[in-house]
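Given these sequences and hints, build the entire structure.
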Amino acid sequence: MENSRRGFMGKVFGAVAGVGAVGTLYAMKKSWDPLPSVKAAGFTTVDVSTVEPNKLVVEKWRGKPIFILKKTPEMVAKQTEAETARDVIIDGEHFLICIGLCTHLGCIPAYRENKDDFKCACHGGEFDASGINTKAPPPSPMVIPPFNVKGKTVVLGEEGDQYRKMKEAGVLA
Amino acid sequence: MAHFTKATSVHDWLDQRLAIDTLRRVLAKEYWIPKNINFLWAMGMVLAFTFGILLVSGIFLLMYYQPNVNLAFDSVNYTIMREVEFGWLWRHVHAVAASVVFLIIYIHMLTGIYYGSYKKGREMIWISGMLLFVAFSAEAFSGYMLPWGQMSYWAGMVITNLFSLGSLEFNGLVEWIRGDYVPGQAFLDRFFMLHVLLIPLAILALIGLHFGALRIPHVNNQDGEEIDFEEEAAKYKAGRKRESKVIAFANDFLSKDMFVVSIFLLFFFYLVFWHYGFAMDPINFDPADGLKTPPHIYPEWYFLWSYEILRPFPKDPGLIAFGFAQVIFFLLPFLDKSPNAVPASRRGIFFWWFWALVIDMIVLTAMGKLPPQGIYSTIGLVAAVAFIGLWIALPFITKMEKKV
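Line order of the protein sequences matches chains A and B.
The numbers in numbering that gives the first Met the number 0 rise by one with no breaks, and the one at position 11 of the first sequence is 10.
The numbers in numbering that gives the first Met the number 0 rise by one with no breaks, and the one at position 330 of the second sequence is 329.
Hint data in this document are derived by calculation from the structure and do not stem from the laboratory.
Just so you know, even glycine gets a beta-carbon here, dropped at the ideal spot from N, CA and C.
Some clues are possibly wrong.
Here are some chain B residues pointing at chain A (derived, C-beta under 8 Å) [what the hints assert, rightly or not]: (1) 179; (2) 180; (3) 183.
Structure follows, in structure tokens:
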């Protein structure tokens with residue numbers, strides 16, 4: 000049977016069917032990928048010159064909320080080194096820029112101005128003013144998105160020098 | 000070619016071509032059901048009927064629904080609810096049936112567990128039933144996305160985020176499922192397709208498998224008695240119906256089934272006309288807003304118990320516990336080490352295990368609805384640990400069980 004014509008035909012059939020199945024699955028997988036138009040809409044420029052200290056500004060980037068928080072000098076003064084390492088410096092001022100989603104299950108935490116921290120209403124997680132998780136369930140700090148500082152503006156989605164330094168230091172999330 | 004004769008009637012004409020008499024005999028007249036059962040044995044037919052109601056009401060909703068992020072909310076809340084005559088009826092029937100179907104599924108499952116209807120050849124009935132439970136869950140979730148309200152959007156966000164598998168950070172997989180960085184048009188379109196075509200097809204196929212799995216072992220009975228169906232059927236066919244332990248599926252058993260279905264329908268339409276509100280979350284009457292999380296996100300009541308198993312733990316252990324809760328019911332026939340296929344009341348500790356499981360799941364359900372604070376978090380954690388503990392204990396409890 001192994002070497003017979005029938006066996007050969009069986010193997011050819013199996014090979015053709017296999018190629019067809021793999022090709023079909025590949026096409027199906029690719030059809031579910033995000034569309035080019037969705038991916039292309041991935042750069043947002045934000046002017047931070049008018050942002051007030053200790054007032055949370057929420058921008059939208061790739062459909063996600065981006066937290067932009069200008070820190071007051073008092074907040075900067077009492078920060079730990081780990082917190083300062085996550086600060087984005089724009090025109091000499093310290094900013095928190097992060098994706099405003101709880102790292103537990105993606106809810107949006109609220110900023111509490113009197114306590115300088117974030118509280119997630121879904122499952123009670125908390126983050127400090129640098130987006131570092133201080134109370135479970137969130138397992139990690141809020142993520143810093145790719146950014147590039149250009150004068151008094153910041154481009155979200157582009158990797159600039161400050162972003163690369165944070166990436167090397169491993170403080171992005 | 001087969002030999003055909005001139006038909007004597009329409010019936011005969013069809014019978015020669017489709018063997019309708021044979022079909023009716025095999026599927027209905029000579030498919031045997033034990034006499035020793037109670038109303039809980041009618042839940043299968045109640046479920047089949049409710050699925051039919053979902054299908055019909057769904058077809059009418061489908062004719063006006065718009066799967067578009069800008070139009071979906073209004074097509075449901077304005078077009079269907081206010082413009083389409085009796086549109087409100089289809090929507091409320093669909094929503095109430097989607098909720099009630101889970102109540103009946105849980106009763107159906109617990110009946111099976113109580114009477115040991117998942118062993119001694121009935122394993123495939125249980126497994127195909129659990130596959131149906133998963134398919135119904137996926138159907139409920141995908142349908143919940145469609146009105147594109149706040150709860151639709153945020154439930155979609157939270158549930159698809161589960162596929163990042165915690166610290167494994169499979170964000171590419173999450174974006175692939177959504178077709179976007181966040182739930183958007185691609186997400187709504189594909190969940191619409193899943194809800195109206197692919198998952199219903201899977202459900203229909205699984206119902207076929209579930210019925211087929213019943214054929215050889217037959218339905219269990221109130222005492223777990225092993226019945227010689229051929230012998231009992233012979234008595235029935237010989238006219239000794241009183242003596243026989245079985246009756247025919249149709250029309251004998253079916254008429255009893257339909258009686259229970261009719262009682263169920265009275266309850267069902269009472270809910271549809273006077274108490275549909277429980278199936279409609281008020282938060283979902285706000286249109287989806289990706290920049291505003293509702294203060295408290297919770298699933299529909301039938302998912303609360305498994306949600307509460309996810310919630311009290313840190314991220315990764317929570318996901319593992321959640322995964323455990325999703326698959327563990329599948330393994331029931333293999334975790335129950337006792338040969339006894341009798342009601343739980345005759346099985347010693349298993350009886351207490353059964354009721355502990357029921358109470359634990361009710362507690363988990365209640366806690367899942369409450370905000371995760373203070374004493375609720377603690378009760379939730381204890382109940383979640385108890386759930387896992389009960390399942391780990393099951394093989395040991397049933398191994399020690401005496402044979403009855």
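Hints and how they fare:
A hinted interface residue such as residue 179 of chain B counts as satisfied when its beta carbon comes closer than 8 Å to some beta carbon of chain A; here the least separation is about 5 Å, so the hint holds. Because the beta carbon of residue 180 of chain B sits about 4 Å from the nearest beta carbon in chain A, less than 8 Å, this interface hint is met. The criterion of a C-beta within 8 Å of any C-beta in chain A is met by residue 183 of chain B, whose closest approach is roughly 6 Å, and the hint holds.
In summary, the structure agrees with every hint in the numbered list given earlier.
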